[in-house]
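Engineer: This is what each chain is made of:
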Amino acid sequence: MAEYLVLIYEREADWAGVGDDEAKRILDEHRAFGERNAQVLRGGNALHGTDTATSIRRDAGGAPVITDGAFAETKEALGGYYVIEAASLDEAIAVAKQVPAPFGGVEVRPVRTFD
Amino acid sequence: MTSSEVAAAVADAHRREWAFVLAAAVRVTRDLDLAEECVQDAYARALTDWAARGVPARPAAWLTQVARRRALDLLRRETTLRAKLPLLVADPDPPGSAVDRDDGATDPDEIADDRLRLIFTCCHPGLAPEAQVALTLRLLCGLSTADVARAFLVGEATMAARLTRAKKKIAAARIPYRVPPLAELPERVDAVLTVVHLLFSTGHTAPAGDELLRRDLVERSLDLARMLRALLPDDPHVAGLLALILLTDARREARTDLRGRLLLLEEQDRSRWDAGAIREGAALVREALRRRPPGRFALMAAIAAVHDQSPSWANTDWLEILGLYDLLVQLWPSPVVALNRAVAVGFAHGPERGLAAVDALATEPQLASYPYLPSARAQFLSRLGRAEEARTSYAEAILLTENAAERDFLADRLAELGDPPSDSAPSD
Chain G
266 MAEYLVLIYE READWAGVGD DEAKRILDEH RAFGERNAQV LRGGNALHGT DTATSIRRDA
326 GGAPVITDGA FAETKEALGG YYVIEAASLD EAIAVAKQVP APFGGVEVRP VRTFD
Chain L
157 MTSSEVAAAV ADAHRREWAF VLAAAVRVTR DLDLAEECVQ DAYARALTDW AARGVPARPA
217 AWLTQVARRR ALDLLRRETT LRAKLPLLVA DPDPPGSAVD RDDGATDPDE IADDRLRLIF
277 TCCHPGLAPE AQVALTLRLL CGLSTADVAR AFLVGEATMA ARLTRAKKKI AAARIPYRVP
337 PLAELPERVD AVLTVVHLLF STGHTAPAGD ELLRRDLVER SLDLARMLRA LLPDDPHVAG
397 LLALILLTDA RREARTDLRG RLLLLEEQDR SRWDAGAIRE GAALVREALR RRPPGRFALM
457 AAIAAVHDQS PSWANTDWLE ILGLYDLLVQ LWPSPVVALN RAVAVGFAHG PERGLAAVDA
517 LATEPQLASY PYLPSARAQF LSRLGRAEEA RTSYAEAILL TENAAERDFL ADRLAELGDP
577 PSDSAPSD
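Chains G and L, in that order, are what the protein sequence lines are.
When we follow our numbering, the leftmost residue of the first sequence carries the number 266, and every step to the right adds one.
When we follow our numbering, the leftmost residue of the second sequence carries the number 157, and every step to the right adds one.
Only true hints are included.
Pairs of lysine-lysine, BS3-like flavour, derived with a Cα cap of 30 Å: (1) G:Lys362 with G:Lys340; (2) G:Lys362 with G:Lys289; (3) G:Lys340 with G:Lys289; (4) G:Lys362 with L:Lys325; (5) L:Lys324 with G:Lys362; (6) L:Lys325 with G:Lys340.
For the record, the hints were derived by calculation from the structure and aren't laboratory data.
All chains, please: the whole structure from these sequences, using the hints.
Structural biologist: Listed below in structure tokens is the structure:
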């Protein structure tokens, strides 16, 4: 077995226009996804928007520089993630396909292990 | 047996059996690089062994056994410096399977045919299309990295990096070495057929370079389509693709003149078309079309079959061809298909309507740099007697095509239109 990180990328602008009812419906979809895949879910979280993000880089002298905003500016931003367990990429894709992401899509990345 | 006869037998086995031998070795090693190494080793040993003892009755079984023994040996001694990548994810072997046996008594019939696993791994949708094509040529056809690089007109280092990256992804992301479950099969077979079709069309009209055809790529795509047909005999889409390749390639000898110049269907000597390939292809088309709705390869093959079975250009049943294109466009709404349909409109209903159909596609971004659009336009304009506009369109097509044979062809058509009237010649 291996673990995969499923990253949810969505257009934040689209999320901004979502009303209470629709937000609740999407949240319910996530709950249903979680219940359906409880066997293989190893974790996951929703994130606040990139307007709450803080990035830290190092300047030429090696000193940390703190800035407001996401590390990379993109139209579709990381908005949440799940960690799932799967035997193969095909199994991981089968689960990741079900992740609700109405304003974007998901990226599947194998978790690296060191021994 | 002379050494050249042995070399020929080994080369033949390389072309016919590479995929079978490699696929079986991968099941033992569960590592693509190590398996390739063992298979290469087996072919090298065949050269000396077969010279001494003759070519075995079943070369594939001999090679498979040698490659697998070598693999088991290396794995047991753990002497190989293996890259630190996870092993391929494979289904467990059924009890009593021959995979782990090393008693030398392996009956060739017992060796499971793992080629389908290898095909589906190479053509996994998680791999970039160019990586799928490269892996297919390298692992299924056994082409060297240098040959794969040449086929796609990139440097060997670039191709080596592409292959390494793809193999790394297969291992790290755990792309499984298995035949997909039934529910996923249609989609995955389509991905495989897309790769084989891309290989064929790249070979059939090389997108760049001096030769119209890349014979090697056409041969390989035909080999692959035949392999798929043997492995998936009931799949109508496989039958459709094999038919398409056979029916298109049947005209190979007649496509160019003695000087290598491209000849239109209209100009080709139909007696030089390969009647055997046409017969085989036509039978496959009939089989593929029996399934409803027909697939895109079956429809394309049916169009090719109408041409192949027409006694002359003048007798071509353009209404039948247009009807097939109408179905194809619905199934596969690509601008390139729509352009081919527009050309068929012109032959079925006259150049005026053909030109209108082509012009309706002029704003398609995908066709913006596609040389067949201005060349189709030019041809209709010329038939309508609008020579001046035809010249402009031919000139545009010549600028866009990167294939030398096609460029020569277009230049000839342009020359046939004669010189532009002197008053329109540039004055500066």
